[in-house]
Amino acid sequence: MIKTIDMHKSFGSLHVLKGVSEHIRLHEVVSVIGPSGSGKSTFLRCLNLLEIPTSGQIFFENEDISKINVDAHRQRVGMVFQQFNVFPHMTVKENITLAPVLVKKMAKEAADELAESLLKRVGLLDKIDEHPKRLSGGQKQRLAIVRALAMEPKVMLFDEPTSALDPEMVGEVLSVIKDLAGSGMTTVIVTHEMGFCKEVSNRVLFMDDGVIAESGPPEQIFGNPLNKRTQEFLSKVLY
Amino acid sequence: MINNILNLVSNYGVKFLQGAGYTLMFSAITVFFGVIFGSLICMVKRSRFIVLRFIAGVYIEVIRGTPILLQMFFFYFFLPLMTKNTLNLSKTVSIVIALIVNSAAYVSEIVRSGIQAVDYGQTEAARSLGLNRRQTMMRVILPQAVRNILPTLGNEFIMVIKETALGSTFYIGELMTVRAELQAALFLAIEPLVIVAAIYLVLTFSLSKGVAFIERRMAQGD
Numbered sequence: 001m002i003k004t005i006d007m008h009k010s011f012g013s014l015h016v017l018k019g020v021s022e023h024i025r026l027h028e029v030v031s032v033i034g035p036s037g038s039g040k041s042t043f044l045r046c047l048n049l050l051e052i053p054t055s056g057q058i059f060f061e062n063e064d065i066s067k068i069n070v071d072a073h074r075q076r077v078g079m080v081f082q083q084f085n086v087f088p089h090m091t092v093k094e095n096i097t098l099a100p101v102l103v104k105k106m107a108k109e110a111a112d113e114l115a116e117s118l119l120k121r122v123g124l125l126d127k128i129d130e131h132p133k134r135l136s137g138g139q140k141q142r143l144a145i146v147r148a149l150a151m152e153p154k155v156m157l158f159d160e161p162t163s164a165l166d167p168e169m170v171g172e173v174l175s176v177i178k179d180l181a182g183s184g185m186t187t188v189i190v191t192h193e194m195g196f197c198k199e200v201s202n203r204v205l206f207m208d209d210g211v212i213a214e215s216g217p218p219e220q221i222f223g224n225p226l227n228k229r230t231q232e233f234l235s236k237v238l239y
Numbered sequence: 001m002i003n004n005i006l007n008l009v010s011n012y013g014v015k016f017l018q019g020a021g022y023t024l025m026f027s028a029i030t031v032f033f034g035v036i037f038g039s040l041i042c043m044v045k046r047s048r049f050i051v052l053r054f055i056a057g058v059y060i061e062v063i064r065g066t067p068i069l070l071q072m073f074f075f076y077f078f079l080p081l082m083t084k085n086t087l088n089l090s091k092t093v094s095i096v097i098a099l100i101v102n103s104a105a106y107v108s109e110i111v112r113s114g115i116q117a118v119d120y121g122q123t124e125a126a127r128s129l130g131l132n133r134r135q136t137m138m139r140v141i142l143p144q145a146v147r148n149i150l151p152t153l154g155n156e157f158i159m160v161i162k163e164t165a166l167g168s169t170f171y172i173g174e175l176m177t178v179r180a181e182l183q184a185a186l187f188l189a190i191e192p193l194v195i196v197a198a199i200y201l202v203l204t205f206s207l208s209k210g211v212a213f214i215e216r217r218m219a220q221g222d
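Line by line, the protein sequences are chains A and B.
First residue of the first sequence? That's 1 in the working numbering, and the numbers climb one at a time after it.
First residue of the second sequence? That's 1 in the working numbering, and the numbers climb one at a time after it.
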């Protein structure tokens, strides 16, 4: 579904991605782990062109995305950020309906209904007319997830979705992501939650120094990592 | 002296009020057009085209780097010359245009910093949803930037009220012009100054209270 070919990304003299070739398949749930600075987030952000790769190609459903409209591409790729980035000046409902109404020209009533059913799904229906200021971190992140889902994306990208949360709120967000992954949504998630990663992923990518050092099912990566760097990393984070 | 002040107020109160009216009017006109042109200049300054950015940058630097009195003189002499006096612009119009040109430069920086103060994550989130640059600016960034901008604009209003005083150099009829006229007519230096100062204080103080009120409201409605 998404295929990258020898993707490189530099910020000035800093060479962050050093040739990433990867194929994310339909309905696959892929976790990206690795030490900080290894290029995980940059890899993810390249997939919806928040970062433009310095070189290399990205294909989405066999279509080279450098040849299509950026906004059109982003409509089918949902993105969830570490810092939530919900819109503070809008109500919960408006956060969700903004893009469908504005970009997809969905009728307002239909968008409202969609918002209600999405909020019901993540247990936030009673907050529909609140401003995000009144939400907890976990609730904000759940809102951010359904805001992305309202565009009916074909892929969901999560960039460390629980890293900015208080520990007691991590669970509620992870369970939403898990449900989503279980429903067949193609998902790429950058995470430090190793337990979660083991549980939901079909495949784990270990990134190190700008390349994918190892890739495989979670049982292999966590149980019997082949790469020396993967072993070192996991021995540090699994204690 | 107290007697003199009371006499002045009772005999020339209308003159002072007139002056205050002009001061307020010139300030309001300046801020109104200053905001419009300032926002436009800000857009040019944020443009994708380096030439446009450069022009806006030069404008802002020149205006902020030279005295406003100099700019008033410039427009006072330059505008009639440039229009070959066909528009028959009064000196008052020239001075108000100078005030607007000056204020626009400051407003554009106020707007720019207001926009920049909005977390970049907001732009990324909006663009990730498929909103284009324009939609992102109009629906996500500007509504939040306004909260940063409004209180600062109130302060700019206060600055402009004080800057109109420089217009008295050209006798445009605002408060300091009234003061100068009374001094010349009555040979009283201190008393008119005291009265005019009191009026300026009333204007600026009530405005700054208004700004503080708006600031509190903005902080609540986050």
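One or more hints might be untrue.
A short, non-exhaustive set of chain B residues, derived as facing chain A with CB atoms under 10 Å [as the list claims (entries may be wrong)]:
#1 N11
#2 V14
#3 K15
#4 Q18
#5 Q122
#6 T123
#7 A126
#8 R127
#9 L131
#10 N132
#11 R133
#12 P143
Simulated from the structure, these hints should not be mistaken for laboratory data.
Just so it is clear, CB atoms sit at the ideal spot from N, CA and C, and this is done for glycine as well.
Taking the hints in turn, this is what the structure says about them:
Below 10 Å, beta-carbon pairs count as interface contacts, and N11/B has none with chain A, the closest being about 53 Å; its hint is therefore violated. Interface hint at V14/B: violated, since its Cβ lies 46 Å from the closest Cβ of chain A, which is beyond the 10 Å cut-off. For K15/B, the interface hint is violated, since its Cβ never comes within 10 Å of a Cβ in chain A; the closest pair sits about 47 Å apart. The beta carbon of Q18/B comes no nearer than 42 Å to any beta carbon in chain A, farther than 10 Å, and the hint placing it at the interface is violated.
Interface restraint check: Q122/B against chain A, minimum CB-CB distance 6 Å, threshold 10 Å, status holds. With 10 Å as the threshold, the beta carbon of T123/B comes within range of chain A, its nearest partner Cβ sitting at about 9 Å, so the hint holds. The beta carbon of A126/B comes within 8 Å of a beta carbon in chain A, closer than 10 Å, and the hint placing it at the interface holds. Interface restraint check for R127/B: the shortest CB-CB distance to chain A comes to about 6 Å, inside 10 Å, so the restraint holds.
With 10 Å as the threshold, the beta carbon of L131/B comes within range of chain A, its nearest partner Cβ sitting at about 6 Å, so the hint holds. Given hint, N132/B at the interface with chain A, holds; its Cβ is 5 Å from that chain's nearest Cβ, closer than 10 Å. A cut of 10 Å between beta carbons decides the hint on R133/B: the least distance to chain A is about 9 Å, and the hint holds. Look at P143/B: its Cβ gets to within about 5 Å of chain A, closer than 10 Å, so that hint holds up.
Checked against the numbered hints listed earlier, the structure breaks hints 1, 2, 3 and 4; every other hint is satisfied.
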